[in-house]
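J.: Residue-level listing of the chains:
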Amino acid sequence: MSPVRSAYIHIPFCRRRCYYCDFPVSVVGDKPPGGSGAQINGSNSGTIAQYVQVLCQEIRQYVSSGELLQTVFFGGGTPSLLSVEQLNQILTALDQQFGIATDAEISMEIDPATFDLAQVKGYKAAGVNRVSLGVQAFQPELLQVAGRSHTVADILMAVDLIQQAGFTNLSLDLISGLPHQTLEQWEESLEQAIALSPTHLSCYDLIVEAGTPFSRQYKLGNTPLPSDEMAAEMYRTAQRLLAANKFEHYEISNYAKPGYQCQHNRVYWKNRPFYGFGMGATSYLYGERFARPRKTWEYYEWVKQEGRREKAVGEDERVRSQTRVGKPALDLLDTLMLGLRLAEGLDMAWLIEQFGEEAIARLWKCLQPYLQDGLVAIVPAPKDDQLPTSSHLRLTDPEGFLLSNVVLTTIFEEFE
Amino acid sequence: MTDVPVSRIRNFSIIAHIDHGKSTLADRLLQATGTVDAREMKEQFLDNMDLERERGITIKLQAARMNYTAQDGQHYVLNLIDTPGHVDFSYEVSRSLAACEGALLVVDASQGVEAQTLANVYLALEHNLEIIPVLNKIDLPGAEPDRVKQEIEDIVGLDCSQAILASAKEGIGIPEILESIVHLVPPPQDTVSQPLRALIFDSYYDPYRGVIVYFRVMDGKVKQGDRVRLMASRKEYQIDELGVLSPNQVRVDELHAGEVGYIAAAIKAVEDARVGDTITLATAPAPEPLPGYVEAKPMVFCGLFPTDADQFEDLREALEKLKLSDAALNYEPETSSAMGFGFRCGFLGLLHMEIVQERLEREYNLDLITTAPSVVYRVTTLKGEVLYIDNPSKLPDPQHREKMEEPYVQVDIITPETYVGTLMELAQSRRGVFKDMKYLTTERTTLIYELPLAEVATDFFDQMKSRSRGYASMEYQLIGYRENPLVKLDIMINGDPVDPLATIVHRDKAYSVGRALTEKLKELIPRHQFKIPIQAAIGAKVIASEHIPALRKDVLAKCYGGDISRKKKLLQKQAKGKKRMKSIGTVDVPQEAFMAVLKLDS
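Residue numbers (numbering that gives the first Met the number 0), protein chains in the order written: chain A, 0 to 415; chain B, 0 to 601.
Hints in this document: simulated from the structure, not taken from any laboratory. Don't take every hint at face value.
[Stated by the list, open to error] Among the chain A residues that face chain B by a calculated CB cut under 7 Å, a handful are:
1) D204
2) I206
3) D227
4) A231
5) L402
6) T408
7) F411
[What the hints assert, rightly or not] Straight-line Cα separation of at most 27 Å, DSS-like style, residue types lysine-lysine; simulated pairs:
8) A/K256 to B/K530
9) A/K269 to B/K572
10) B/K567 to B/K557
11) B/K530 to A/K294
12) A/K364 to B/K530
[Said to hold, decoys possible] Simulated DEER-style distance windows between Cβ atoms:
13) A/S226 to B/S465: 32 to 42 Å
14) B/R506 to A/S226: 36 to 46 Å
15) A/E190 to B/N364: 39 to 49 Å
16) B/F529 to A/I377: 21 to 31 Å
17) A/L370 to B/D309: 43 to 53 Å
18) A/K269 to B/D309: 17 to 27 Å
Given the structure is predicted, the values throughout are model-derived calculations rather than measurements. For every residue, glycine included, the Cβ atom is placed at its ideal position computed from N, Cα and C.
Next up, chain B with everything else stripped away, as it sits in the complex:
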């Protein structure tokens, strides 16, 4: 790695909607600059996690340093800092953008601007980034570069006369992109002489070297062996390893202002080196940390219980290990009369919840029951105490409550005009308050609603996608708490209240939710030898009830020589299914039942 003056460093990120070709473009840039040659090129180098590949989204951001000789004959260092592409991780995006001076805005030339892209563009503008519009997939027959250019100009207010027409897949426009980065993105400020301040924009846990921290040096310089301090966590470490990402880790002796790199320093858990924290020198610390650090706050909570009570300790260990690499994950032990011992876990959002759940089951081989997600309610008691309740079963009784508030979010939906009606209907049915509707172009509109987070945290996203045949996109941000007449809906199975099924709903929706939920449970819980009543109640008042009739026959009528193997497999399957159920009293309840409230047809 050659030493490069600050004036020839360019730090940029790529803002794009899922599927608009960010990863492919990143791959092409790495190839075109000879950072990675075609031979070692894995498809989509930046997306490392299996889960990301499967879903085609980037969750964990990464970075890459490229050496580029521009047409002016000068050698430049281009640092690409990737951003995660999901609304659950908008804080991480903001930190990545804070580490850059410019951004490529990549828009699919046949699709147009999507909600998530727009949210990130605004974030980038807030950080004064130079934005270079790139119209990708220009080779596709459906490409309409002029329409999309107009759309970007109308919506974002960016001049698109110089927009680059590209096809990352076909390698079209790549040289132009590289030249634009050099000429349009400003170099970092030369603050090498100031005390060290480096911004952490990502970190991950490596079981052999401890936490690997990715950062951008904002001021000063850092050397191999330096003793550094993390200003928010107040911890100090000796740097074992200092390097750059090209995109594989390559050691260097020193990094100065404007450069991007990584350190390993025997840091035990990522929560000790959180995204947004400032690295400074322990011997000559900067007076102030960099602005913008926020500790990630979980928005959505759920209970995680092992199906088999014997797996409780395994679950604890797995959560401890996951926590090493996921600072946003929160958990504490929870005991439920119905479920036994488990954990109450907090997540940034639903995707984060799903990722954690899936990793626990896949990587740690655990069989889990997940209870329906809950948001954090703010309850003021008659005594004037303010309580934050993340578990419906912990809600104080109505006679002790002065008021109850729930978190609201502003949701921005971008959709083709055709689906406006059905999406408004959806938002309305989820207690949405209409705020605004703007035509972005003649065919595309943005809908702005204020919605209770609890309504968004269920199947809102899936519903939005299915109602718009996948064409609408959305983005949301927390806007505060609002008071509402909320009630706790208890569910009783065979006469026993089942606390993990309790849910908090708006009073006006209690009846319909109660009815739909008891019906759904009737469908999901298999017949037993006895009749099972299922009731929904508010306090002592039963508002909906169903019953599962007793099992009258379950028999293999024919079992002769040729049937035996197949019938046996059937019984094995049935036994396996039963093993995965949770026994609540004398009733075996399948895993899906605990998520039933998310799958109501209402």
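Same shape as in the complex, but just chain A:
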């Protein structure tokens, strides 16, 4: 197995479900604010504690590939519903099982109004060095429309607490294209976010996923959702405004101050392997993506089974990888679909080395129309018509990013 240096941990608890969310989460309800983390999570401590126990059990069923973890990411759900103690349990399990590098990036998603100063200090002491705060918008009416359980004041308070706790690496999440959202409101959100001096920003154009309250509410044709034209304009606005404030647009939806790109997420886009632990989490081992059960009891059952078989090493992934025959074209598609999300794009020489000159020549040929109309760029531009072997292939910003599916669909059509 190629070295695995990243782990994703899913914490599936939320106070309530946001209207756009299709993640596997378990809703635990609103808690009185204030007090220690343990108090906040008081009535659910049983549920969460049990989950943490099973999660640690799952972690201990794996053996290391021999590499220390360079990135750990707590995602959710709302990982800030974990007590400091629970977080420590998980990090300890990871460290004992795989070892965590001293300079590892340890990220945690947290939500406003779910933590106090003691708690966030505790997270920092436990080793978390990057926090990603779920802001989404700075307008009370939009927070309400999105089904968020916090206020604008909660956002400002949360940033203050995070900074007091000594965190220097802070990311904020924003959503554009929300129902009823105007371009002015979007600009305002961006400006307010910039004013809080984050090192990183994720700006997501709303995706109305099937099965979410949004998808039931907003059927095509009759919707307060901004038009595609408007959503595209919001995207361009973010790109322009953030560039002016020295953020690099390093991925379709992500911006960072120099040196602050999210190392964990880059692992996904570079199509490198990672562990995934917890209900609904996906791992990518032995070249296989494996999604864990999305229901709590099914996940518990699955962990138990895995333990009983005493087959420790990502057995599901390993078995699946053995049954598959070579699918180089599919790996190429994964690589392109992910790699082209990054502004740096993909190195032609590396592509040729990985997938052979014939496949890459085919790719080059089917991309010609997009090189012509400016959705795709090759840098530096080759001098002749030959297959460029020492340039980077990338989507242009913003137009290539905005129409990335058009380019990808053409590539999929060519190779499938």
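Starting from the structure of chain A, add chain B where the hints point.
T.: Chain B in isolation, oriented as in the chain A frame:
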């Protein structure tokens, strides 16, 4: 198979509406006579094709020979000749009926007489068949045998005092039906001594034995090894195999007047042994063929194009093979500037078209674009030539046309009285000319309209069904050509005329059709990177226009570890969809768009 005198043969068919229980009744008769025992009984033995089973209708007719010992102690041979149950195949029905002396008229005791049934009853009466009314599904709580009897008497004029009350499902009335067949259906005429004349009522293609021909011997006799001549196709064959259908094929040495059987004679295609043709002996031919033979004429035409140009040869081969088993299918190569190479195909009707299309896609694995169906227009040019135009793009320009005529049909609709208003509205909106309305009973009426076939060949049937919640039924027959002010409506996508989208419409409807069609296309054609104008025009004059706005964003905002597999599937689906589209210039057009004219809300 025992030799049986002509006097103890009974040939009959079953006339019934879809769902009124014909197939179940046939199954019961086969069981009751011990022709097929319960163990080998497949549900609904007579419906062989998958497509028929799925749709619950009989397209291909079949036959079965039953041995029956009647209450008088005599042994009889009963031949059941099945009939197809759809208006597209009324000629085949007429040939099947011509092979019989009697018919069971099966009517659902809770429903009543339907249009198709009525049409077939009249056909049977024309052939002087003895008709035995059977009220089926008598066991159902909603059964109203007295009302339905009255209805049959009123509508058909048949005496129903002796009507048999039956439930094919429960086996009720089966012995009575068998006895009635023996006593009421007359035996065939004994013409064994005359020269052989046998009526072909069905045939199918068997890849190992060639065409298998089903026939009824009308006069004379035929023996294994005889050299026979088909009087219409003028072809001669040596009989390899002669047999009866019980209902599986069983070989016999000889069949004589009144009997029903099959032959295999290395016949290459069903068009060499068409339904209605007469088989006679090559050595001692009959002077005259049997009456009633008509070569099937296609009524509806459409273009079939492979989505992938590389599949053109595969499509040609598939059509050649289908033609072996389907004499009514017509095709010739067609080239379209928008679509490339394909075929112009002619069909008996819309159902026939759908069947062929589905078989091509299912059995031959072809990805096809079907253009909207067109009828055959009769155009007289200024020079006095009469042209038959089955493709709107081939229509001569107005300045060369003296007149233009279109085929009309008489449509008989039987409906519960409640839906009369909405159905009249439908017929009216389809340029229908009201002819008559008759009350069959106090609740049921028959509506008679004359309509342009072009209007019936779109979604008329579906509309009739949906407006009447499935209760109305219809039947139509061609009544000739009529002159109308017709215009050709051209469609331009991104400035280029797309000939397969061209359609012929009445001048008064051109604007509304043009508007509805451009709107529909706007809905069906996906956004591209550029703005796409869609226009409808008569000659050089644009009468409706829309545009598809340019695609502004198509991006997956989030793609992290857990999203990858799902997002990839999304892209795969999108790529697959795009592959199935037809590129017209720089615009990718999905298959549904070519049928858009059938799905207008007007």
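J.: Closer than 7 Å between Cβ atoms is the bar; does A/D204 clear it against chain B? Give me holds or violated.
T.: With Cβ-Cβ at 4 Å, under 7 Å, it holds.
J.: Take the C-alpha atoms of B/K567 and B/K557, compute the straight-line distance between them, and say whether it is at most 27 Å.
T.: The hint holds at about 12 Å.
J.: Are the Cα atoms of A/K256 and B/K530 separated by 27 Å or less?
T.: violated, 38 Å
J.: Tell me if A/L402 is really an interface residue toward chain B, meaning its C-beta lies closer than 7 Å to one of theirs.
T.: Where the cut-off is 7 Å and the nearest Cβ of chain B is about 5 Å from A/L402, the hint holds.
J.: Can you let me know if the beta-carbon spacing of A/E190 and B/N364 is within 39 to 49 Å?
T.: violated, 58 Å
J.: Is it true that A/S226 and B/S465 lie within 32 to 42 Å of each other by Cβ?
T.: This hint holds: roughly 34 Å between Cβ atoms.
J.: Would you say the C-beta atoms of A/K269 and B/D309 sit inside 17 to 27 Å of each other?
T.: Violated, at about 38 Å.
J.: Hinted pair, alpha-carbon criterion (27 Å max): B/K530, A/K294. Please report holds or violated.
T.: violated, 45 Å
J.: Are A/A231 and chain B close enough, Cβ to Cβ, to be under 7 Å, as the hint says?
T.: holds, 4 Å
J.: A/F411 was flagged as interface toward chain B. Is the shortest Cβ-Cβ separation under 7 Å?
T.: holds, 4 Å
J.: Is the interface hint for A/I206 satisfied, with its Cβ closer than 7 Å to some Cβ of chain B?
T.: Hint holds; A/I206 Cβ to chain B Cβ min 6 Å, cut 7 Å.
J.: Identify whether the interface hint at A/T408 stands, where standing means a beta carbon of chain B within less than 7 Å of its own.
T.: Holds. Min distance 5 Å.
Hint compliance for this structure: hints 8, 11, 15, 17, 18 are not met, and every other hint is.
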